[in-house]
Amino acid sequence: MSSRVTRWAFNAVLVPLVSVLSGFLVGAIAIVAAGADPTQAYLALFQGAFTNHNAFAETLVSTTPYALLGLAVALGFRAGLFNIGAEGQFYIGSLTGIFVAYSIHGLPAVIEIPLGLLAGMAGGALWASIAGALKARFGAHEVITTIMLNYVSFQVASYLVDTPGRMLAPHVSTPRTPDADPNAILPIILSGSRLHLGFIVALLMVPAVWFLIERTTIGFRLRAVGFNQGAARTAGISVGWTIVLTMALSGALAGLAGIVQVLGVNFHMTDTVAAGYGFDAIAVALLARSNPWGVLPAAFLFGALHNGASFMQLQTQVSADLISIVQALVIIFVAAPSIVAFLLRLRRAPAETVAITQRGVDTPAA
Amino acid sequence: MDLVVDWGQVHALLGENGAGKSTLMNVVYGLVRPDSGEIIFDGKPVQIKGPLDAIKLGIGMVHQHFMLIPPLTVAENIVLGNEVANAGVVDLDEASKKVDELSRRFHLEVNPRERIADLSVGIQQRVEILKALYRGARLLILDEPTAVLTPQEIRGLFEVVRALTAEGKAVIFITHKLAEVMEIANSITVMRRGKVVATTSPAEATPADLARMMVGRPVLLRVDKKPAEPGKGILAIDDLVVMDDRHHVAVDHLSLDVRAGEIVGVAGVEGNGQNELVEALMGLRPIRGGAVRIEGSDISHATTHEHLRSGLGLIPPDRHRMGVVLELSVADNLVLDDHDHPPFARWFIRQFDAIRDYANKLIKTFDIRVQGPDQPVSSLSGGNQQKLVVARELGTLPKLLIAGQPTRGVDVGSIEFIHRQLVSERDKGLAVLLVSSELDEVLSLSDRVAVIYRGKLVAVLDAKDADRDRIGLLMAGAA
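Heads up: the sequence lines are chains A and B, in that order. Counting with this note's numbering, you get residues 4 to 369 for the letters of the first sequence. Counting with this note's numbering, you get residues 795 to 1273 for the letters of the second sequence.
Hints in this document: simulated from the structure, not taken from any laboratory. One or more hints might be untrue.
So, partial list: chain B residues that the calculated Cβ filter (under 10 Å) puts toward chain A [stated by the list, open to error]:
no.	residue
1	Gly1077
2	Ser1091
3	Gly1117
4	Ala1139
In this text, a Cβ means the ideal position worked out from N, Cα and C, and glycines have one as well.
Work the whole structure out from these sequences, hints included.
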């Protein structure tokens, strides 16, 4: 029993922690190679992420989409589905959500906000279930289909946002949609900052997704399918339907991330609103080891890195792109837990290698 | 542990699945490195670092799953890695000649020019043995060699083994079947949990002794059962046609009835359509023709879920692929079929108290050895995993149980338990369709025996007329 707890602690806590530290350490080598001082760079990164004016609130603003998208990807992982399409679902969710949010007028915020969010979720869910249906019906691999649907969604977004008579706002210099109705916009929850209600939404989705996975029949089916499709099918579970449903739920969370970002930060949509959040979310989910609770600290880390990077660049001339290197390194370490195991073993005394020559014969006479 | 094998002898290595037989032999063949201890071959201590070392010493191994390349010919497979070549060109005529010579010497008749893909499993096994002999094997390890053979093929194999030992070669015969040990072995080593528990011989020990040593307690070898009292018809299979994954006919116009309170066994060499039959009966594989009825109602095209709801239970033939979700807990696996029905779920919320109570009940009734219902199934032994599957399927009180290879890869103690469960449920009126490639299992449990060959039922016999030899011939398609 205790070995199970130990293994859990190793996999869920130690591996991510050591991975993050190793990522920063190896990243420091890159900083030295670039001719800068890693201590100063990381200090600036920390200041930019936490201690500067409003920095902490800004980090939470960045954490919000990472958390929701991380949950989306993690949910897919639990059913054995690799949803690379969170970025595209984020776009589609933003589009459907903002369409509703700028089309409605005169309703109270308690109605307009949920309407906008639901519209975003519905868009993401529908978009993702295309990939789910293709997999369930024809066996098309979701990695391929979601990547391809990403390209489609980028072009759909840019067509709708750039075309008069579609979603392009009148009389604007750069193409964008009209602004959301004021009552549909997510209110600020920390005055003087940009921290909006979406952060609370993201916080609430963590236990919700955990509950879905661990406590409901849908989550049970999703995990059974993720572990062993053959056994799930034999037990009468519809594998195809479970795949479609999982993709839809994953897409709903990604779509929610999109519309939360739009209604919380931008208030309208341009054709570059996501800017890679959906791909970083794969890293967030990996770092969280697909555990909803783990998504929160992982998203917070990514939010902090994202937020601190520009200040670091400003202060120390170390390119903000370095953060991408650190992020990538972290994921490499997470993806190969045996590296971490190896690193940890190096620090211990050499394992006991006493050979016991056992030549006794255990023969109770028959 | 110690194991001593003499030249010119058949040494049986007897033990249950997981007793360590195959691991031990993999050490001898160089596939697994020993942690400690030594191997003495021909009087000298030897270091075997890999199969190449083993082959050089004259140790040959025939694995349970053959290591042959189907599109190549017999001769090509045998010389592979040891090709006789002239300036880089493989001399297949020379190879064929050598193979012919060897096969005559040991009564291993094969045509060196035939393709492996066209040969029966029994002949493929001969090719494996020839391959080892061609490389100069003096000690031959046969890992569960009879698992895939018909009774007639087993007899042929035994003749080959006798011819080999007559020439002074040594054979290690790994098995868990007692009858075979009694027939072929000169000496017997019994293993249990990685240890040698006895070294004996057929002259000194009875099958019951051997079973006791293997399991560690007395074992009932025969299934005690009274004559069946069949009731009304439950399952009616009518002219069923099912395709395999390559769209070839796997079940060929098959008709069969199973009544309440009887066990109908389907005997056959593996790969004759049994898996496709079982899958079709559970709605896991589409039916191309014919019909399946349960108590008169047609379920030919129903979903698996509907099958389970209409009173069918299934023990799938492949436990790890279809039976259990190793990563989930014992309790989760026990409610896998019924997880979304009350009392295990209310609306969409799983009811863990009800699930745990039910799991504890089944764990007790079916003697599943676990620490608790939350333990992951991956940490259970094969026998306990299989008891879990049996518990789940019988726990829903079905009318019909389809039992596919219900005791495959399971220890003797669990086999005994599962067999007794099947018989006692039969006595309570359960209809059982038993599909097994273990002929002994079919013969000892069934009230009627149906023989399947290439997807067709070639005979349905009453248990009292089902004699081993006759069924063996039917299984080989020779009647």
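To test your reading of the hints: which numbers does this structure violate? Going through the list in order, the structure violates hint 2 alone and respects the others.
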